[in-house]
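Q: The primary structure of each chain is shown beneath.
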Amino acid sequence: MTYRFDFGAVLDRAPELLWGSLGTLGLALAGMLLALVIGILGVVARTSKSEITRTPVIVFVEVVRNTPFLVQIFFIYFALPLMGIRLNPTVTAIIALGINGGAYAIEIIRGGVESVSRGQIEAGFALGLHKTDVFRLIVLKPALRAIYPSLTSQFIMLTLTTSVCTSIAAYELTSAAQRIESDTFRSFEVYFTVTAVYLVISTLMMGLFALISRHYFNYPTR
Amino acid sequence: MGPIGENEFFFLMQGLKWTVLLAIVGFIGGGIFGILIALLRTSKTKVARTITAGYIGVFQGTPLLMQLFVVYYGVALLGIEVNAWIAVAIAFTLHASAFLGEIWRGSIEAVPKGQTEAANALGLHYVSRMKDVILPQALKISMPATIGFLVQLIKGTSLAAIVGFIELTRAGQIISNQTYRPLLVFGIVGAIYFIICWPLSHAGSGLEKRMAKAAR
Numbered sequence: 390m391t392y393r394f395d396f397g398a399v400l401d402r403a404p405e406l407l408w409g410s411l412g413t414l415g416l417a418l419a420g421m422l423l424a425l426v427i428g429i430l431g432v433v434a435r436t437s438k439s440e441i442t443r444t445p446v447i448v449f450v451e452v453v454r455n456t457p458f459l460v461q462i463f464f465i466y467f468a469l470p471l472m473g474i475r476l477n478p479t480v481t482a483i484i485a486l487g488i489n490g491g492a493y494a495i496e497i498i499r500g501g502v503e504s505v506s507r508g509q510i511e512a513g514f515a516l517g518l519h520k521t522d523v524f525r526l527i528v529l530k531p532a533l534r535a536i537y538p539s540l541t542s543q544f545i546m547l548t549l550t551t552s553v554c555t556s557i558a559a560y561e562l563t564s565a566a567q568r569i570e571s572d573t574f575r576s577f578e579v580y581f582t583v584t585a586v587y588l589v590i591s592t593l594m595m596g597l598f599a600l601i602s603r604h605y606f607n608y609p610t611r
Numbered sequence: 703m704g705p706i707g708e709n710e711f712f713f714l715m716q717g718l719k720w721t722v723l724l725a726i727v728g729f730i731g732g733g734i735f736g737i738l739i740a741l742l743r744t745s746k747t748k749v750a751r752t753i754t755a756g757y758i759g760v761f762q763g764t765p766l767l768m769q770l771f772v773v774y775y776g777v778a779l780l781g782i783e784v785n786a787w788i789a790v791a792i793a794f795t796l797h798a799s800a801f802l803g804e805i806w807r808g809s810i811e812a813v814p815k816g817q818t819e820a821a822n823a824l825g826l827h828y829v830s831r832m833k834d835v836i837l838p839q840a841l842k843i844s845m846p847a848t849i850g851f852l853v854q855l856i857k858g859t860s861l862a863a864i865v866g867f868i869e870l871t872r873a874g875q876i877i878s879n880q881t882y883r884p885l886l887v888f889g890i891v892g893a894i895y896f897i898i899c900w901p902l903s904h905a906g907s908g909l910e911k912r913m914a915k916a917a918r
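Chain order of the listed sequences is A and B. Position one of the first sequence corresponds to residue 390 (my numbering), numbered consecutively onward. Position one of the second sequence corresponds to residue 703 (my numbering), numbered consecutively onward.
Check before you lean on any hint, since a few could be wrong.
Below, simulated DSBU-like cross-link-like pairs (lysine-lysine); rule was C-alpha separation at most 30 Å, straight line [claimed, not checked]:
1) Lys911(B) to Lys833(B)
2) Lys530(A) to Lys815(B)
3) Lys748(B) to Lys842(B)
4) Lys438(A) to Lys915(B)
5) Lys815(B) to Lys833(B)
6) Lys842(B) to Lys815(B)
7) Lys815(B) to Lys748(B)
8) Lys833(B) to Lys719(B)
9) Lys719(B) to Lys815(B)
10) Lys438(A) to Lys530(A)
11) Lys530(A) to Lys911(B)
12) Lys911(B) to Lys438(A)
So these bits of chain B aren't anywhere near chain A, every CB distance computed over 10 Å [what the hints assert, rightly or not]:
13) Gly731
14) Ile753
15) Leu766
16) Tyr828
17) Ile849
18) Gly892
19) Ser903
To be clear, the hints were calculated from the coordinates, so they are not data collected in a lab. All C-beta atoms in this analysis are idealised placements derived from N, C-alpha and C, irrespective of residue type, glycine included.
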């Protein structure tokens, strides 16, 4: 017996897929923002002189980067209620994504900050630039440009990782797909379609990031 | 709450066995196809370059979990009777081949052009030029990134749990449901992954630092 594909059953549920996609984008965006905040705070603590603030950050980064996201999200999902914090699965997922992305962001941002050489800062002061201008033009912009490629590809990875949040029933595209699958039994068609949607999302994000880069970082380095 | 005793620990170890096997099969299978992808991606034929670029793009632009689902249900549609283990192993092999192919494409292109020109000048044909001159150097360049991907792959095998395959994370879920001690169980499971992944990550970044120093 040959299998007859039926994508119609999936396309009938297109509105749900659209809402799921928006859920995925929301999770990704909130996760990225939290990751950035954790990343910046982490770098401040990581580059400080005191060992008491440095060591916990190093341990945090190593633990997060060497364990699977699925285990992390389960751990957080069960740990929060024990700490007396009751949140819905979607908010829990954002926290897990932020923590996971934050650990990678710390390493990326640290590399960028370290890439700015002292001599350039001193040269800026010698030219009589104001302190804020030195930070804005000599420290921040080149550092941002240096970390931009790795940070944005990390963001795209984070967006793809949101699909794992279905395991705690957060609201996003993969959980929408699983609902449609259990109603229609069209497993292959559902997941094939949703995979294509993810490909569109990540391709659009890549295009957007490239556009931003061309607009803001379009100047020669040497 | 139930205790975490010998039986529970043994069950986790059974799961760990499948995690390790899955990672090894995915890495070796992905390595074999990955070399092929890398060679086609750097070949002179435009069609081969375009197709492999698309293949890599699709695997890098979609979630691993979706790749698992599509392959898992796709293989079943082919009408071949395969068990979950084979289906999942195929998915990880395809996934790894795309990522390793892209890593190795970069390393092949990082080998100085003069090496290819010298090999041509010596009259070496394609196979010998690749096998004896380019690939050994590319392999060395790719080591940090390759080890980095191996860590990604080991962590990625945890997603097989969502498809229902009983590896370490799924074993942890089952024990957690039986004993009502999720934090302890997932703490142990996380620690096991860490014990495997951390030395690899450490070796990879150590290698990267040493190579960066040597290049200076």
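Q: For Ile753(B), is the shortest beta carbon distance to chain A beyond 10 Å?
A: Fine: 16 Å to the nearest Cβ keeps Ile753(B) off the interface.
Q: Verify that the Cβ of Gly731(B) lies farther than 10 Å from every Cβ atom of chain A, and report whether the claim holds or is violated.
A: holds (20 Å)
Q: Would the least Cβ to Cβ distance between Ile849(B) and chain A come out above 10 Å?
A: At about 12 Å from chain A, Ile849(B) clears the 10 Å cut-off, so the statement holds.
Q: Keeping to a limit of 30 Å between CA atoms, is the pair of Lys748(B) and Lys842(B) held or broken?
A: holds (27 Å)
Q: Are the Cα positions of Lys438(A) and Lys915(B) separated by 30 Å at most?
A: holds (25 Å)
Q: Hinted pair, alpha-carbon criterion (30 Å max): Lys719(B), Lys815(B). Please report holds or violated.
A: Not OK: Lys719(B) and Lys815(B) at ~44 Å, beyond 30 Å, violated.
Q: Quick one, are Lys911(B) and Lys438(A) close enough, alpha carbons at most 30 Å?
A: holds (23 Å)
Q: Non-interface claim for Gly892(B): all C-beta distances to chain A beyond 10 Å?
A: violated (5 Å)
Q: Can the restraint linking Lys842(B) and Lys815(B) be considered satisfied, given a maximum Cα separation of 30 Å?
A: Within the cut-off at roughly 16 Å; holds.
Q: For a C-alpha distance cap of 30 Å, please report whether Lys815(B) and Lys833(B) respect it.
A: Holds: Lys815(B) and Lys833(B) sit about 16 Å apart, inside 30 Å.
Q: Quick one, are Lys530(A) and Lys911(B) close enough, alpha carbons at most 30 Å?
A: OK: Lys530(A) and Lys911(B) at ~26 Å, within 30 Å.
Q: Can we confirm that no CB of chain A comes within 10 Å of the CB of Ser903(B)?
A: violated (6 Å)
Hint violations for this structure: numbers 2, 8, 9, 15, 18, 19, all remaining hints satisfied.
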